[in-house]
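Engineer: Sequence:
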Amino acid sequence: MRFAISFLVKCLFSRLLLVFLLLTLPIGAATSQAAGEKKAAHPPMSFILVRSLLCQENCPEWISAEGRITSDTPARLRKILKKIGGRKLPVVFRSEGGDVDAAYAMGRMIRKAGLETAVGGTRLQGCPVGDTRCQAAVAKDGTAVGDTYSAGAYCFSACPLALAGGTSRVASQWAFIGVHQITTVYNKVRVSYRIEYKIVNGKKKEISRKEVGRKVAGQGSSTKLGKKATAALTAYLKEMGVSEDVIGLMMSATPDNINIVPAAEALRTGLITEMLSYNEWPGMPLCAPDAVAEAVCHSHPVAEALVLAKTPVSRAPVQDAAAETSEKLPKTQPMDFVLMSNGNCREECTQWISADGDITPDTPAQLKAMLTTLGERKLPIVLQSNGGDMDAAFAMGRMIRAAGLETSIGRTQLPNCPKLDPRCKASIAKSGPTEGEVFAGRAYCLSSCTLVLMSGTPRIVGYSSIGLVRPTTAEYTRFSAYFDEMGVNSETYETMMPATSTERGRIIVPSQALALGIINGIIPYDEEPGLHVCGPEAKESLRCPKKAEAEIVPVAASVN
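Numbering (this note's numbering), first residue to last: 225 to 784.
No wet-lab data here; the hints were simulated from the structure.
The reader is advised that the hints may include incorrect statements.
Restraint-style ranges between C-beta atoms, simulated for each label pair [to be verified]:
no., residue 1, residue 2, range
1, R433, T458, 20 to 26 Å
2, C283, P558, 42 to 48 Å
3, S476, E699, 41 to 47 Å
4, K307, A517, 29 to 35 Å
5, E699, N282, 21 to 27 Å
6, E463, A593, 51 to 57 Å
7, P558, T391, 39 to 45 Å
8, N425, E468, 29 to 35 Å
C-beta atoms are modelled at their ideal positions from N, C-alpha and C, and glycine is treated no differently.
Could you put the whole structure together from the sequences, leaning on the hints where they help?
Structural biologist: In structure tokens form, the structure reads like this:
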């Protein structure tokens with residue numbers, strides 16, 4: 225600290241002292257992310273109102289938000305929100321991050337406006353690959369026509385804080401969400417003051433102070449999250465309904481690195497509320513509860529009739545539900561088990577147990593026969609069921625847990641079978657495994673089927689539907705004991721279901737299933753359920769890195 229002092233003496237009852245004080249102060253501290261310092265590499269965020277080119281009428285529209293978040297970005301967002309009026313358009317982010325305070329402001333604006341958010345990139349019609357949002361494609365009014373993509377899209381650094389503002393927030397498993405430590409940048413400013421003192425009885429007394437100049441003297445930074453910054457971040461996450469665990473994820477990566485948050489963790493912490501399936505894209509609005517099948521939206525509601533039950537779950541006659549919905553769904557039948565394979569088992573193939581149909585009192589005996597036949601082989605069980613007998617589901621779950629098997633949800637499709645009968649008897653092999661395919665999309669495990677699903681070690685799902693039914697008062701004790709046995713939080717489940725009657729089911733999203741412990745993993749986007757355990761005769765390869773020791777299931781013992 226330097227002082228330049230000059231004295232002026234006046235012939236009065238006392239002397240006046242004029243002082244010019246030069247101070248170097250850390251003034252105007254700005255909280256930002258390290259990515260925001262790379263200004264040359266990334267332009268500031270801009271907003272474009274885009275209409276989908278993939279349809280002819282009633283086309284979805286979204287706000288494309290790409291670039292670095294700066295202190296000016298909230299004002300630009302406010303301008304486009306004013307332009308769209310009360311329309312609820314999703315905001316699709318692709319950003320490396322930037323200013324944290326600006327991200328807070330953006331998130332609060334988005335939440336106040338009731339908008340959804342997504343991670344994705346936007347390609348405007350007619351733009352080259354290297355400049356997918358070229359200015360030539362943007363009309364004078366700031367609108368454009370284009371589409372979105374997930375693969376390689378990212379929301380890093382401060383961007384997830386803005387993303388958190390969405391009333392629903394989505395990403396696919398091939399988009400990236402990343403966080404790291406917050407960097408607080410301090411601007412050092414040298415300030416000059418003119419201070420006037422009065423000397424009274426030999427002592428100085430300040431009578432005036434006036435700033436006469438200031439000059440930037442460099443910058444300083446810190447990655448230590450102080451009390452004020454911690455309180456601001458914690459309050460914001462709570463306001464947006466996001467877990468404070470995100471702070472730990474942020475602090476685990478330095479500003480020069482990025483901690484990529486896996487999809488399952490993003491769902492668990494609330495950074496996203498749902499994952500987009502393979503046939504959904506960023507910018508699609510969330511489906512309304514009564515959305516028709518043809519509606520262009522994500523997270524289509526599953527037909528309510530799938531989880532209706534005329535009587536309590538333990539004796540739910542699924543035939544009645546099927547009769548009511550015969551126009552929507554194929555007729556169901558009792559669950560059976562088919563040993564499946566995919567690929568050439570003399571070269572490389574994967575195998576799984578397809579469990580499809582309604583759970584009846586006889587189903588546990590069939591499952592036991594299949595497991596006895598397989599011996600020590602631990603093949604995944606891929607479920608698709610409307611549910612059925614609760615006691616039978618309990619018995620199946622305990623068998624699966626004792627055998628240490630994996631469970632998942634999937635639709636098994638055999639070759640040459642019609643869509644309404646994808647596991648037709650004519651295509652089931654008379655000897656050995658039956659060749660076919662399995663898909664997570666549009667598969668379901670409803671009502672008491674979920675009790676079987678939660679027994680797996682592990683239990684993983686992709687883009688499938690999980691449905692629950694609340695137990696009756698008489699059933700609750702056994703129901704709760706089973707949950708505890710499977711390591712699922714029955715109390716959390718009960719608080720989630722109070723508005724659901726015992727005769728009406730409820731579809732839950734993967735984030736809720738993860739929170740409850742019903743599942744403990746998500747199937748990657750490029751995989752399908754059950755397709756990772758190789759057959760015993762398969763050669764070692766990239767697909768089958770280890771050769772199974774057990775022999776293939778004998779023909780006579782196959783349970784179909």
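Engineer: State for each hint whether it applies.
Structural biologist: Each hint, compared with the structure:
In this structure the supplied range 20 to 26 Å is violated for R433 paired with T458, their Cβ-Cβ distance being about 38 Å. Distance hint check: the CB atoms of C283 and P558 are about 45 Å apart, consistent with the given range 42 to 48 Å. Separation of S476 from E699 is about 43 Å and conforms to the stated range, judged on CB atoms against 41 to 47 Å. A hinted range of 29 to 35 Å for the beta carbons of K307 and A517 is consistent with their spacing of about 33 Å.
For the pair E699 and N282, the beta carbons lie near 45 Å from each other, so the given range of 21 to 27 Å is not met. About 55 Å separates the C-beta atoms of E463 and A593, a value consistent with the hinted range of 51 to 57 Å. A C-beta distance of roughly 42 Å is found between P558 and T391, which places it inside the suggested range of 39 to 45 Å. Separation of N425 from E468 is about 59 Å and departs from the stated range, judged on CB atoms against 29 to 35 Å.
Checked against the numbered hints listed earlier, the structure breaks hints 1, 5, 8; every other hint is satisfied.
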